[in-house]
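> Chains as they are written, first to last, in the working numbering: chain A, 1273 to 1340; chain B, 0 to 363; chain C, 87 to 337.
To be clear, the hints were calculated from the coordinates, so they are not data collected in a lab. Since the model is a prediction, treat every value here as computed from it, not as a measurement. C-beta atoms are modelled at their ideal positions from N, C-alpha and C, and glycine is treated no differently. Treat the hints with care, as some may be off.
[Claimed, not checked] Simulated restraints on C-beta separations: (1) Gly-182(B) - Asp-101(C): 45 to 51 Å; (2) Thr-216(C) - Asp-1291(A): 27 to 33 Å; (3) Gly-334(B) - Glu-335(C): 54 to 60 Å; (4) Lys-337(C) - Lys-3(B): 56 to 62 Å; (5) Thr-231(C) - Tyr-186(B): 24 to 30 Å; (6) Ile-237(B) - Gly-1308(A): 54 to 60 Å; (7) Gln-310(C) - Glu-226(B): 48 to 54 Å; (8) Tyr-1310(A) - Asp-101(C): 21 to 27 Å; (9) Thr-216(C) - Asn-1295(A): 39 to 45 Å; (10) Lys-1318(A) - Gly-243(C): 37 to 43 Å; (11) Gly-243(C) - Glu-226(B): 45 to 51 Å.
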Amino acid sequence: MGRIVLNRDRCKACYICVDSCPNKVLEADEKVNALGYYPAKFNADKKCAGCAICARVCPDMAIEKVYR
Amino acid sequence: MRKKELLKGNYAIAKAAVEAGCQSYFAYPITPQSEIGEYLSSEMPKLGRAYVSAESEVAAISMLLGAGSTGVKAMTSSSSCAVALMQEGLSFIAGDEIPCVLVSVMRAGPGLGYIYPSQGDYFQTTKGGGNGDYKIITFAPSSVQECIDLTYKCFYVSQKYRTPVCLLADGMLGQMMEPAVIGEYPYEEIDQSGWALDGAKNREARHIASIEREQETLRQRVEKIFEKYNKILENENIFEKYETEGAKLIITAFGSIARIAKAAVKLARKNGLKVGLFRPILLNPFPEETVAEIAEKAEVILDIELNCGQMLQDIKASIAGKVKIPVKFYGRPAGVMMTVEEIYKQIENCYREITEKKYGTACI
Amino acid sequence: MEQLVYKKPDSIRDDFKITFCPGCDHGVAVRLVAEVLDELGVRENTIGIASVGCSVFSYDFFNVDIVEAQHGRSMAVATGVKRSKPDKIVFTYQGDGDLASIGIAETIHAMTRGEKVTAICINNTTYGMTGGQAGPTTLLGQVTTTTTQGRRADINGYPIKISELLKEIEGTAYVARVTLDSPQAVVNAKKCIKKAFEAQIKGLGTGFVEILATCPTNWKMTPQQAHERVRGEMSDVFKPGIYKDKVSEAK
Ligand SMILES: Cc1ncc(C[n+]2csc(CCOP(=O)(O)OP(=O)(O)O)c2C)c(N)n1
Ligand code: SF4
Ligand code: SF4
Ligand code: SF4
Ligand SMILES: [Mg+2]
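Start from the sequences and build out the full structure, keeping to the hints where you can.
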């Protein structure tokens, strides 16, 4: 099991992480963030592998930490 | 005591740069100053210092920007059409407040012109071709000894005020042989560690950049730079006054022409003419008040330059609204050097017109 | 026990601002450089050169000393820094317009001198910052604001192949072209960036990495479509790969 720390106010909603997550843990939030985007959201119900793929592809370093 | 040696201006500048502790030198060859690079290409490596033969003056000035940003004493040297290529970098360096020294040995222009002596780049240096509000602090030597002393001064002023400084010489000075002493660097070393880039160890990361997004911050930054120019004018204004007391006619001249003018003034004094010479050594910022003070008691100013009248504009601006006397000009575009007799003749003509009361305030 | 497997690199400021558009590869490239500086343990001994282009505000994110160069002059500025402080790690972060158009002379000559610096070039086939005009790397047929009918060889000439050109220069020790279009590509890109820094650290010569990167804004594509383009037509013309590797040879 893994988990990530996502700073939703840094996210610019490119959804590259959403497309890259092997376990489809990430999805688009339905609430806007401080920048006015619908940021990526970590779905705690899904199984995060803690692979850090999402953090590696995020252009905004919005995913600040990944634990496994 | 160090001994006098017979030195060419260019070598004097190069040797003084070494003595001043210049750590990095970058340049691309151009006559009449190539000896500076030739000398430093062999001397710098011996001392474990940097000499880089740049691919262009655009690159040389950029290397200077990089070197200066680390806080070392750094220098480039060039001439006229090649200094033209450096204007972009100079504007950035001024905006970045990076200390460094540019030696500009003027040749005749425009364009390629030729290597004849000229003072045609007074405007290029003091008015600049780079963009934005900035000044390149400029000192102009008129002897080989001054080439040495002012090279020291350039390094000192650049580091003290964190600003680019230009030593503005010309082909005649660069090529002339004269006895001079390479004394020790006479100034205190100025600690640059408070701002220079050397890796963010045990401190916050620093950045040096001219770009500024905030309108207000940009304004303040440029204003701060201009305050610095005022301080430089206040503290570093060096000039030569010769027989200006009681002079009816003041000759203004800078650089190599000034020494010829001085000989002509000496001759005039010997012949009983009340003539004096004012030679600004700090050309930028221009010592307007000093000129106005000297002009106060004079009746005419005769500005002499080896160009079509460049410093002339600053002389006129200096007295405008303060002293109502005419400013005459004698000069010619680059090429043939002036002689003492030639200048003396101009002095005589001017003086005759004074005694004949030809000048009213109307001709200002 | 839960383990931390990823965190922001120390070579990125704590109060960093990413000034790039959504989904722009610049952001990933910057982070990779920062991670490499961390891994090599050189952050406190590094001076970076910010070039004019979308990355001009490098000091907003890099937690290292930074000096800004004039447009195109980064490699000359890097030369000045490195020659004055030879023990420092010096890198440039440049756009394709900066490095391969206005700065091609500075680039080639710094590399010809074998300056011991690392150059990272973001090739997004356009002048991004000025609004997407055709640049030196714009592909034939590519529509930009100054090639509205697509780039034509007879009018606009051909795209310059940076890595192929720079590998021929004797002073380069490492030359690679990478992409950031997938997680594996990102991992590979980081390896190459590290090698390009090792080339400098080992004193072998200039290290260079060309990163085929997206400019979703000016390409008028989603980040996903933009990565498709990198994988497709861009990689067809600009073949990713390691063009020169004196670092491995030296091992
Ligand atoms: C001498 C000069 N010419 C033009 C510009 C305008 N300008 C700013 S950024 C830029 C293009 C940058 O393109 P590139 O280097 O590819 O970087 P990108 O923005 O695409 O990352 C231009 C032309 C400038 N700042 N200076
Ligand atoms: S990759 Fe980063 S910026 Fe893009 S959606 Fe995911 S968290 Fe947001
Ligand atoms: S760490 Fe891996 S599994 Fe978890 S959210 Fe990120 S990409 Fe998905
Ligand atoms: S203009 Fe293009 S290259 Fe520049 S930040 Fe935006 S997407 Fe990135
Ligand atoms: Mg670009």
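> The structure should be examined with respect to each hint, and the outcome stated for every one.
Hints, verified against the model:
1. Gly-182(B) - Asp-101(C): 45 to 51 Å: holds, 50 Å
2. Thr-216(C) - Asp-1291(A): 27 to 33 Å: The hinted range 27 to 33 Å holds for Thr-216(C) and Asp-1291(A), with Cβ atoms some 30 Å apart.
3. Gly-334(B) - Glu-335(C): 54 to 60 Å: The hint (54 to 60 Å, Cβ to Cβ) holds, given that Gly-334(B) and Glu-335(C) are roughly 58 Å apart.
4. Lys-337(C) - Lys-3(B): 56 to 62 Å: Check passed, 58 Å falls within 56 to 62 Å.
5. Thr-231(C) - Tyr-186(B): 24 to 30 Å: violated, 53 Å
6. Ile-237(B) - Gly-1308(A): 54 to 60 Å: holds, 59 Å
7. Gln-310(C) - Glu-226(B): 48 to 54 Å: Once the Cβ atoms are compared, 52 Å apart, the range 48 to 54 Å for Glu-226(B) and Gln-310(C) holds.
8. Tyr-1310(A) - Asp-101(C): 21 to 27 Å: Given range 21 to 27 Å: holds, Cβ gap about 25 Å.
9. Thr-216(C) - Asn-1295(A): 39 to 45 Å: holds, 41 Å
10. Lys-1318(A) - Gly-243(C): 37 to 43 Å: Given range 37 to 43 Å: violated, Cβ gap about 51 Å.
11. Gly-243(C) - Glu-226(B): 45 to 51 Å: holds, 49 Å
Taken one by one, the earlier hints fail for this structure at numbers 5, 10, listed in ascending order.
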